[in-house]
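Counting from 1, one number per residue, gives the positions in the sequence shown under the UniProt record's numbering.
I should point out that these hints are in silico values taken from the structure, not numbers from a laboratory.
Misleading hints may appear alongside valid ones.
What the hints assert, rightly or not - Label pairs and their computed distance ranges (CB to CB): (1) Glu-154 x Ser-90: 17 to 25 Å; (2) Thr-159 x Ala-186: 18 to 26 Å; (3) Glu-210 x Ala-54: 33 to 41 Å; (4) Glu-154 x Glu-66: 21 to 29 Å; (5) Ser-200 x Thr-72: 32 to 40 Å; (6) Gly-112 x Glu-154: 16 to 24 Å; (7) Ala-54 x Pro-176: 31 to 39 Å; (8) Asp-68 x Ser-89: 30 to 38 Å; (9) Ala-58 x Pro-119: 15 to 23 Å; (10) Val-53 x Ala-206: 32 to 40 Å; (11) Asp-68 x Pro-133: 18 to 26 Å; (12) Glu-167 x Ser-89: 16 to 24 Å.
Cβ atoms here follow ideal geometry from the backbone N, Cα and C, with glycine treated the same way.
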Amino acid sequence: MSRRLVALLLGPALVIALVVGVVVALNREPGGGATVPFSTAGAPTGDAGADLVAVREAAGIAACPEVDAEATAREDGLPAIELQCLDGSSGITLSGLRGEPMIINLWATWCGPCREEAPHLAAYAEGLGADPPVQLLGIDIEDPDPAGAFRFAEASNWTWPQLADPEGRIRTLTGPAIPQTLFVDADGRIVHTHYGAFSSVEQLQATAEEQLGIDR
Numbered sequence: 001m002s003r004r005l006v007a008l009l010l011g012p013a014l015v016i017a018l019v020v021g022v023v024v025a026l027n028r029e030p031g032g033g034a035t036v037p038f039s040t041a042g043a044p045t046g047d048a049g050a051d052l053v054a055v056r057e058a059a060g061i062a063a064c065p066e067v068d069a070e071a072t073a074r075e076d077g078l079p080a081i082e083l084q085c086l087d088g089s090s091g092i093t094l095s096g097l098r099g100e101p102m103i104i105n106l107w108a109t110w111c112g113p114c115r116e117e118a119p120h121l122a123a124y125a126e127g128l129g130a131d132p133p134v135q136l137l138g139i140d141i142e143d144p145d146p147a148g149a150f151r152f153a154e155a156s157n158w159t160w161p162q163l164a165d166p167e168g169r170i171r172t173l174t175g176p177a178i179p180q181t182l183f184v185d186a187d188g189r190i191v192h193t194h195y196g197a198f199s200s201v202e203q204l205q206a207t208a209e210e211q212l213g214i215d216r
């Protein structure tokens, strides 16, 4: 077999191998768990016509938090992106989330590592008690079935508010993969981003204490 023929046969395979390697590298971060790329799920399907407010309430999920309408976006903080509440009842601007520290988890039902991480988030929230020193918030990324997302949250024992980002607009801040968890101080400054799934509630507790001073 001629060298030229071998090169023609091997060329496409080498290109594919290189692309796969780059994708894997992008979706792993030092010190974090596994991530998956943002989905291309498209338009909502499934129970999109359901009364999502009723679904949310039945699932025991809190309503969207209030925001500071006068707050302006800061360079080191959350962007001035308006996202709808997952139940479709209203929208909030992320840059207006001020006044108390927050842990913001980016997730989706199609994300395997997000499912693995879910019980650790629930255990952490439960350990905060009735008067938590930090608020949790979820952003459901490019998920085609909001009602299904609420059912997943209920099955995972989540109770904190959830936003919807069906177009993946938050990716301009966070990059191409989830899960990710943002640690935001009371002034709206992102002090830390954890890439990948938390492997235990203890890991999440240690990160919250280190980054936000939360010792619960």
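So, going through the hints one by one against the coordinates:
1. Glu-154 x Ser-90: 17 to 25 Å: holds (21 Å)
2. Thr-159 x Ala-186: 18 to 26 Å: holds (22 Å)
3. Glu-210 x Ala-54: 33 to 41 Å: holds (40 Å)
4. Glu-154 x Glu-66: 21 to 29 Å: The hint (21 to 29 Å, Cβ to Cβ) holds, given that Glu-154 and Glu-66 are roughly 23 Å apart.
5. Ser-200 x Thr-72: 32 to 40 Å: Distance hint for Ser-200, Thr-72 holds at roughly 37 Å.
6. Gly-112 x Glu-154: 16 to 24 Å: Given range 16 to 24 Å: holds, Cβ gap about 19 Å.
7. Ala-54 x Pro-176: 31 to 39 Å: holds (34 Å)
8. Asp-68 x Ser-89: 30 to 38 Å: Distance hint for Asp-68, Ser-89 is violated at roughly 19 Å.
9. Ala-58 x Pro-119: 15 to 23 Å: Between Ala-58 and Pro-119, where Cβ atoms are some 21 Å apart, the hint holds.
10. Val-53 x Ala-206: 32 to 40 Å: This hint holds: roughly 36 Å between Cβ atoms.
11. Asp-68 x Pro-133: 18 to 26 Å: Check passed, 19 Å falls within 18 to 26 Å.
12. Glu-167 x Ser-89: 16 to 24 Å: Cβ of Glu-167 to Cβ of Ser-89: about 19 Å, so the range 16 to 24 Å holds.
Comparing the model with each earlier hint shows a violation of hint 8 alone; every other hint is respected.
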